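A.B. asks: Residue strings, one per chain:
2 protein chains.
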Amino acid sequence: MSTFSPRLTRLIESLRRLPGVGPKSAQRMAFHLLDRDRDGAAQLSAAIGEALSGISRCPSCRMFCEDDSCRYCSESRRSTGQICVVEGPADLVAIESNTGYRGRYFVLMGRLSPIDGIGPDELGLRQLGEQLGRGDVNELIIAINPSVEGEATAFYLTEMARACEVGVSRIAHGVPMGGELEFVDGSTLAHALSGRTPV
Amino acid sequence: MSTFSPRLTRLIESLRRLPGVGPKSAQRMAFHLLDRDRDGAAQLSAAIGEALSGISRCPSCRMFCEDDSCRYCSESRRSTGQICVVEGPADLVAIESNTGYRGRYFVLMGRLSPIDGIGPDELGLRQLGEQLGRGDVNELIIAINPSVEGEATAFYLTEMARACEVGVSRIAHGVPMGGELEFVDGSTLAHALSGRTPV
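Chains as they are written, first to last, in the numbering used here: chain A, 1 to 199; chain B, 1001 to 1199.
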């Protein structure tokens, strides 16, 4: 006989599929929803249903969107000459809300990782290649995280852009603002030094 | 203009209502559900709906249950002479799966806390009082966490049981198994010493 009743077990199992939620947290969440926040539970269930039926990918930049084209691609005042490539939606939002960049984006939704079966097609790179080939793009900005797969992805993107004769740049990796040289890791410091800019 | 589209915003806000989920985690969960686990999302939405419609409280012990009576109350081979009072469903499950106790339970779903508007009625203590008054209960086991409100609740329960002439006991508070006297906090050690048992 399992510990909980069937519906409660199913609820706990479903909550465990959320990232970062283990068995204990899932149990706590289930009890919280059932005991203290039934309104919140109903709202969550409805919000997931709505999101699943209404949110798809923008055909041009692959960001999540609710209409034919996402808000970033449909804004007419955006420069169309720059495309900033990011790994995921959260990266796009971080750049959009913290920087003055107002060009276009391209969201890979992942990194090249052949061992996990993620190749150029899974990341929509053919789509990006078509956009680069159209002739109206003059800069591809690579804003990929500096992990091993990220570096491979950045290298692939650089080659793609060069083949289309589009300029490529990469966001700077170096000492973070407020960080201290003494405590920064060696690899970051090496990047910071080799990427120094004339003043 | 808010950062995300309306449905995505609603999904993130709903996920934030789960305990222990902040804005960043909610965002990560939403992206995970939409990007990598649409099946899981549909399953979660359905599981919440099912749980809300099908799970209620056992009329006798207040544990979550799906039928007229919960599995703990409907088991005929359980001793009906003992009632173990716990704060929440997780406590019941912990006792049931780790100890040999096979009596009845009573789940308070909280602690007495007048400042939060939680009095005896909110914890179903009238219901418990009726059960104690019936005459077939000979021991009330208090398994409440030893917090300030917990102590107040335990005191209230003790008085209730005494008024009905039912024996009361409290689970032991002391040095945990594998713990070392040297590192145990003073209050626990004081409890352990005053609660010593003859060998």
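The set of hints was computed from the structure by calculation and includes no laboratory data. Hints should not be assumed to be uniformly reliable.
Unchecked claim - Simulated coverage check for chain A against chain B, where a stretch passes if three residues somewhere in it have a Cβ under 8 Å from a Cβ of chain B:
id, segment
1, 59-66
2, 89-102
3, 120-126
4, 138-148
5, 157-169
6, 180-186
To be verified - Over the 10 Å line for every Cβ pair with chain B, so calculated as not near, a few chain A residues:
id, residue
7, 11
8, 13
9, 14
10, 30
11, 54
12, 73
13, 77
14, 78
15, 82
16, 109
17, 152
18, 173
19, 190
20, 198
21, 199
A quick note: this is a predicted structure, and the numbers were derived from the prediction, not measured. By construction, the Cβ of each residue, glycine as well, lies at the ideal position given by its N, Cα and C atoms.
A.B. asks: Evaluate the condition: distance from the CB of residue 77 of chain A to the nearest CB of chain B exceeds 10 Å.
C.D. replies: Label holds. Min Cβ-Cβ 13 Å, cutoff 10 Å.
A.B. asks: Just want to verify: residue 152 of chain A was marked as not at the interface with chain B; is every Cβ pair farther apart than 10 Å?
C.D. replies: Label holds. Min Cβ-Cβ 20 Å, cutoff 10 Å.
A.B. asks: Count the residues of the segment 157-169 of chain A whose Cβ falls closer than 8 Å to any Cβ of chain B, and tell me whether that reaches three.
C.D. replies: Our answer is that it is violated, as 0 residues pass the Cβ test (under 8 Å) against chain B, missing three.
A.B. asks: So residue 13 of chain A supposedly isn't at the interface. Is its beta-carbon more than 10 Å from every beta-carbon in chain B?
C.D. replies: violated, 8 Å
A.B. asks: Classify the label on residue 78 of chain A as holds or violated, using whether its beta-carbon is more than 10 Å from each beta-carbon of chain B.
C.D. replies: Given that every Cβ of chain B is farther than 10 Å from that of residue 78 of chain A, nearest at about 13 Å, it holds.
A.B. asks: So is residue 14 of chain A really clear of chain B, every C-beta pair being over 10 Å apart?
C.D. replies: With a cut-off of 10 Å, residue 14 of chain A comes too close to chain B, as the shortest Cβ separation is near 4 Å.
A.B. asks: Over 10 Å to the closest beta carbon of chain B is the bar; see if residue 54 of chain A clears it.
C.D. replies: violated, 5 Å
A.B. asks: Minimum C-beta separation from residue 82 of chain A to chain B exceeding 10 Å: can you confirm that?
C.D. replies: holds, 20 Å
A.B. asks: Taking the shortest Cβ-to-Cβ distance between residue 199 of chain A and chain B, state whether it exceeds 10 Å.
C.D. replies: holds, 35 Å
A.B. asks: Report holds or violated for chain B covering the segment 180-186 of chain A, Cβ cut-off 8 Å, minimum 3 residues.
C.D. replies: violated (count 0)
A.B. asks: For residue 11 of chain A, is the shortest beta carbon distance to chain B beyond 10 Å?
C.D. replies: violated, 4 Å
A.B. asks: Please check whether the beta-carbon of residue 73 of chain A is more than 10 Å away from every beta-carbon in chain B.
C.D. replies: At roughly 13 Å from the nearest Cβ of chain B, residue 73 of chain A sits farther out than 10 Å, so the non-interface label holds.
In terms of the numbered hints stated before, the structure departs from hints 3, 4, 5, 6, 7, 8, 9, 10, 11, 16, listed from lowest to highest.
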